[in-house]
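Chains X and L, in that order, are what the protein sequence lines are.
Counted from 1, the first sequence has number 51 at position 50 by the working numbering; the numbering is strictly sequential.
Counted from 1, the second sequence has number 130 at position 115 by the working numbering; the numbering is strictly sequential.
Among the hints, a few may not be true.
[To be verified] Below, computed lysine to aspartate or glutamate pairings styled on EDC-like, alpha-carbon distance capped at 20 Å:
| no. | chain 1 | residue 1 | chain 2 | residue 2 |
| --- | --- | --- | --- | --- |
| 1 | X | 56 | X | 85 |
| 2 | X | 69 | X | 53 |
| 3 | X | 56 | L | 72 |
| 4 | L | 88 | L | 72 |
| 5 | L | 74 | L | 103 |
| 6 | X | 45 | L | 69 |
| 7 | X | 107 | X | 86 |
| 8 | L | 60 | X | 53 |
| 9 | L | 28 | L | 103 |
| 10 | X | 48 | L | 89 |
| 11 | X | 45 | L | 123 |
| 12 | L | 60 | X | 86 |
| 13 | X | 69 | X | 84 |
| 14 | L | 92 | L | 63 |
| 15 | X | 45 | X | 84 |
| 16 | L | 81 | L | 63 |
| 17 | X | 107 | L | 69 |
| 18 | X | 48 | L | 103 |
| 19 | L | 60 | L | 89 |
| 20 | L | 88 | L | 73 |
| 21 | L | 92 | L | 72 |
| 22 | L | 60 | L | 72 |
| 23 | L | 92 | L | 103 |
| 24 | L | 92 | L | 106 |
Think of the hints as simulated: they come from the structure by calculation, not from any bench.
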Amino acid sequence: QSALTQPASVSGSPGQSITISCTGTSSDVGSYNLVSWYQQHPGKAPKLMIYEGSKRPSGISNRFSGSKSGNTASLTISGLQVEDEADYYCCSYASSSTWVFGGGTKLTVL
Amino acid sequence: QVTLRESGPASLKPTQTLTLTCTFSGFSLSTSGMCVSWIRQPPGKALEWLARIDWDDDKYYSTSLKTRLTISKDTSKNQVVLTMTNMDPVDTATYYCARDRSGPSAFDIWGQGTMVTISS
């Protein structure tokens, strides 16, 4: 199972919007509405930000949104804040009842 | 409050077997739909899913690591145990356990992680 493809880095200024893409295949992202996104600050455990493609857990700001088209999922963060600076990982359910993560994207808030 | 905590050795020598324990509270692994997975992260690298055990004792493993992994649970102790055989320096990583309460859905609660270093 190959890792999902994410850009290594993205950046934006406070108040702006950014989108992180996550490209998989018809065996994972394209076949299941089970893409999730995780935020990870340095030295911390990942935190669930989006699940089942576009749902937000309780307590997660509505500035975070998720979507999917074909084999590509996307995470959009609007109204960027300094505290959004972190690594972001996508994850998808895949064939054989496994999970596959993306390579991670470092978000820099300039 | 739901919490998970990983425990295990901080270091091992190559070829040894790693045994990690995830002790959790705030939920029961006998509840329908509940799952616990193990996920690892080498220093400076991406997350990698390793294994999952479900409320009904179904087990699933990473395709690339399945020959080396065994996952089990002790519902009475609220623990999930992962063993990984034939450890190698490339297995040096932080190992996390995480809950999925509506498996499969997503990992909604994570442990703090435990760092394991493989070195001779």
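Okay, the hints, checked on the actual structure:
| no. | hint | in the structure |
| --- | --- | --- |
| 1 | X/56 with X/85 | holds, 18 Å |
| 2 | X/69 with X/53 | holds, 10 Å |
| 3 | X/56 with L/72 | violated, 28 Å |
| 4 | L/88 with L/72 | holds, 8 Å |
| 5 | L/74 with L/103 | violated, 24 Å |
| 6 | X/45 with L/69 | violated, 26 Å |
| 7 | X/107 with X/86 | holds, 8 Å |
| 8 | L/60 with X/53 | violated, 24 Å |
| 9 | L/28 with L/103 | holds, 8 Å |
| 10 | X/48 with L/89 | violated, 26 Å |
| 11 | X/45 with L/123 | holds, 15 Å |
| 12 | L/60 with X/86 | holds, 17 Å |
| 13 | X/69 with X/84 | violated, 25 Å |
| 14 | L/92 with L/63 | violated, 26 Å |
| 15 | X/45 with X/84 | holds, 14 Å |
| 16 | L/81 with L/63 | holds, 13 Å |
| 17 | X/107 with L/69 | violated, 32 Å |
| 18 | X/48 with L/103 | violated, 28 Å |
| 19 | L/60 with L/89 | violated, 31 Å |
| 20 | L/88 with L/73 | holds, 10 Å |
| 21 | L/92 with L/72 | holds, 15 Å |
| 22 | L/60 with L/72 | violated, 31 Å |
| 23 | L/92 with L/103 | violated, 30 Å |
| 24 | L/92 with L/106 | violated, 28 Å |
Violated hints for the displayed structure, listed by number in ascending order: 3, 5, 6, 8, 10, 13, 14, 17, 18, 19, 22, 23 and 24.
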